[in-house]
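Chemist: Each chain, letter by letter, is given below.
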Amino acid sequence: MFLAYWLTAFLSGAGVLVVEMTAPRALAPWFGQAQFVWTNVIGLVLAGLAIGSMVGGRLADRRASPGLLGGLLLAGAGLVALSAWLPQWVARALLPERLPLEAAYPFLQRGSFLATLICFVPPVVLLGAVPPFLVRCATKRLEEVGRQSGLLYGAATLGSIAGSFATSYLLLEPLGTRGTQLLAAALLAVSAVPLFVASRRVAGGVAGGAAALLLAAALLPPANRAAAAGAALGELLVARDSRYQHLEVRHRDELCGGARVLAIDEGHDSFQSLTPDEGVLTDGLYYDYVNLLALDAVRDGKLRVAILGMGAGTHARQLLELVGPRCDLSIAGVELDPEVVALGRSHLALPDDPRLSIASGLDARTFADHSDATFDLVLVDCYSHQSFVPPHVASSEFFAAVARRLRDGGVLALNVFGYGAADPVSEAVAATLLSRFPDGIVVASLPGTANQLVWGCKGGVPRRPCDWPRDEWPEPLQELAARLLAPAQFFVRRARDGERVVHDDDGWFDRLQERRLEARAAALLAREGAR
Amino acid sequence: MNGARAMGEVDLARVNEQVAQGELEEAIAALAAADPKDATATLLLAYLERQRGRYERSEAALDRRIALGLDDAETLLQRGYTRWMAGDLAGAASDMGRVAAGSGDASVRARAATGAADVAAQQREMADVASRAETLEIAWGVAGFALSVVLVTALWRARRS
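If you're matching them up, the sequences are chains P and R in order. Following the numbering used here, the numbering of the first sequence begins with 163 at its first residue and continues without gaps. Following the numbering used here, the numbering of the second sequence begins with 20 at its first residue and continues without gaps.
Derived from the structure by calculation, the hints contain no laboratory data. Everything numeric in this text was worked out from a predicted model, so none of it was measured. Beta carbons: idealized from backbone N, C-alpha and C, even for Gly. Warning: the hint list may mix true and false statements.
What the hints assert, rightly or not - Here are some chain R residues pointing at chain P (derived, C-beta under 8 Å): (1) V38; (2) G106; (3) E144; (4) A146; (5) D147; (6) A158; (7) A162; (8) L174.
To be verified - Not everything, but these chain R residues come out facing chain P in the computed CB check (under 7 Å): (9) A39; (10) A58; (11) R151; (12) W159; (13) V161; (14) A177.
Claimed, not checked - Simulated coverage check for chain P against chain R, where a stretch passes if three residues somewhere in it have a Cβ under 8 Å from a Cβ of chain R: (15) 171-179; (16) 204-215.
All chains, please: the whole structure from these sequences, using the hints.
Modeler: Okay, here's the thing in structure tokens:
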């Protein structure tokens with residue numbers, strides 16, 4: 163019987179970790195996977211375990227029955243299985259139908275808290291009750307309490323370790339988030355069977371076995387392993403969960419007269435790559451400006467471009483089509499998530515072109531640190547969790563590494579998500595860029611969007627767009643320049659005293675990005691509330 | 020050289036040079052001291068204030084320009100953008116709608132129409148978002164309180180038993 167108890171402790175420990183590790187992914191299509199979502203999940207799972215442990219201990223003292231323990235496990239298994247579908251219903255109840263990203267912070271932060279509480283804490287409370295219950299059931303004499311509790315808590319911890327590694331390396335890829343949760347539920351139900359049998363509850367054992375079989379059968383339909391459709395705008399074409407994030411390709415009629423977009427995690431009204439139904443231009447979004455910047459970077463008829471954070475290839479497509487015919491062009495695209503590149507190929511018209519070489523599965527920082535190529539233009543467009551710039555690709559050390567990859571006079575440009583040039587995140591990125599381009603950088607705040615382009619030039623101050631030799635450009639791009647550059651504001655920015663620079667080992671930059679979102683949403687909601 | 024000009028007259032070439040050199044605060048100071056009737060200086064001042072995130076001052080400069088009778092499409096569109104960035108969706112929609120329905124330059128009207136449509140969509144969304152946010156805030160507070168009570172109660176009862 164002790165082996166059954168040990169196995170139960172092991173499986174319940176594994177079940178808790180599977181729930182904990184899959185919960186942020188299950189919430190991602192609606193609430194994202196930012197740091198605060200992980201914090202909510204981990205904090206609430208631990209709270210659930212604490213409650214379960216305290217309640218389970220009391221319950222065990224009153225009635226230490228293996229049959230009751232089996233009932234707890236079976237109920238826990240049922241709730242884990244339910245949590246595979248529950249998040250989408252809870253999210254629909256909590257979130258408005260259309261949520262602008264700039265007002266989304268309280269919904270993502272508080273919403274993920276509530277969704278975790280509703281979807282994932284109940285099964286964890288039941289699973290948290292298991293270890294003290296097991297100790298009570300397994301212990302016959304007072305003097306063996308220490309040994310038994312050590313063995314059983316050790317088994318639960320080993321199960322947690324196995325659950326964490328198995329989730330990451332074995333289960334998520336073939337089974338998906340839902341399939342992994344269902345498998346965990348099935349194993350928990352299986353672990354209840356010997357407990358029912360030990361207490362001679364044959365009916366309970368049969369029920370447990372049947373539940374496990376049903377859950378295992380539920381794993382088989384491919385729909386149960388497929389990614390859920392989340393909260394992004396537009397008609398869903400495909401949804402996938404990659405190792406890093408939730409991905410959706412959607413079609414939006416209102417963008418560029420119709421376009422396919424790549425939405426990441428919660429998406430909402432935001433997107434990361436855009437493929438118009440017709441042509442490659444994007445109605446004046448920041449992508450279009452990069453072509454003009456690229457034209458100014460052409461030297462001796464050659465242009466070597468690196469796009470760090472290539473996404474599904476919007477920049478690459480534009481450059482190949484608009485700038486490619488005017489010069490000897492080569493592009494190195496670097497994208498961390500191979501699934502993004504795959505979706506680019508299958509749904510977003512990412513071209514298979516000999517001028518474009520793609521390094522997928524590679525971090526932009528690794529590329530900057532170890533590449534030995536030299537470029538005329540390096541574009542950095544790296545984001546994680548939707549709108550967060552990872553510090554290791556916005557740090558002074560990273561910019562130093564990229565600068566080493568530039569030829570003299572080469573340009574390093576960044577797309578910075580921010581609400582105006584005075585946005586604290588934009589200011590921090592600009593100050594950090596200036597730490598490596600001390601002569602000055604250009605800041606372009608693009609009206610009507612939350613995108614800014616900032617760029618520095620190796621060995622001098624970059625030319626402002628008003629100084630670009632537009633007359634030499636081909637006609638279609640002159641038109642583009644006239645349309646885009648006339649209303650935009652471009653400023654040279656220099657370092658200011660006391661500005662804080664982002665370094666690799668800084669933690670404040672993440673929190674700054676979170677506070678910026680919080681402040682923007684609060685301002686918008688306060689103004690709307692006052693109306 | 021500056022003393023040779025009338026009071027309030029701004030040296031735009033110097034201001035442009037300051038902007039090019041990144042000396043935005045110096046340029047703003049020069050423009051703020053300019054004659055309020057100087058329409059060019061006022062527009063540039065509005066751009067720079069917006070660039071620095073001071074939307075109220077940017078809007079005030081554009082208002083002055085409009086009060087001078089220079090309510091051209093570009094000025095109104097820029098005020099619309101400033102209001103939009105400040106979160107004043109109703110004001111932005113009004114300005115952009117006027118430009119889009121006006122008879123100005125076709126490309127300016129097209130930009131205004133795009134902006135007006137985006138702002139209108141955001142306005143519709145925000146009404147729902149604001150009411151949902153209040154409900155969510157209450158639910159979050161109640162849930163956090165309830166969880167704390169459950170934790171403390173469980174601990175208390177476990178200790179007593």
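Chemist: Now look at each hint and say whether the structure bears it out.
Modeler: Hint-by-hint comparison with the structure:
Evaluation of the V38 (chain R) hint against chain P yields a held restraint, the C-beta minimum of about 6 Å falling below 8 Å. Nearest Cβ of chain P to the Cβ of G106 (chain R): about 5 Å, under the 8 Å cut. The hint holds. Contact between E144 (chain R) and chain P, as hinted, is supported at the beta carbon level, the nearest pair being about 5 Å apart and thus within 8 Å. The interface hint given for A146 (chain R) is met, as the beta carbon of that residue sits about 7 Å from the closest beta carbon of chain P, less than 8 Å.
For the restraint placing D147 (chain R) at the interface with chain P, the shortest Cβ-Cβ distance is roughly 5 Å, inside the 8 Å limit, so the hint holds. Interface hint at A158 (chain R): satisfied, since its Cβ lies 6 Å from the closest Cβ of chain P, which is below the 8 Å cut-off. The closest approach between the C-beta of A162 (chain R) and any C-beta of chain P is roughly 6 Å, which is under the 8 Å cut-off, so the hint is satisfied. Interface hint status for L174 (chain R): upheld, as the beta-carbon distance to the closest one in chain P is roughly 6 Å, under 8 Å.
The restraint placing A39 (chain R) at the interface with chain P holds, with a minimum CB-CB distance near 6 Å, inside the 7 Å limit. For A58 (chain R), the interface hint is violated, since its Cβ never comes within 7 Å of a Cβ in chain P; the closest pair sits about 17 Å apart. This hint holds: R151 (chain R) has a C-beta 5 Å from the nearest C-beta of chain P, less than the 7 Å allowed. Annotation: W159 (chain R) was flagged as interfacial toward chain P, and the flag holds, the nearest CB pair being 4 Å apart, inside 7 Å.
With a least beta-carbon distance of about 10 Å to chain P, the hint placing V161 (chain R) at the interface is violated under the 7 Å criterion. Because the smallest distance between the Cβ of A177 (chain R) and any Cβ of chain P comes to about 4 Å, under 7 Å, the interface hint for this residue holds. Evaluation of the coverage hint for the region 171-179 of chain P: breached, as 0 residues show C-beta separations to chain R shorter than 8 Å, against a requirement of three. For the region 204-215 of chain P, the proposed coverage by chain R is satisfied: 4 residues have a C-beta within less than 8 Å of a C-beta in that chain, meeting the threshold of three.
Going through the hint list in order, the structure does not satisfy hints 10, 13 and 15.
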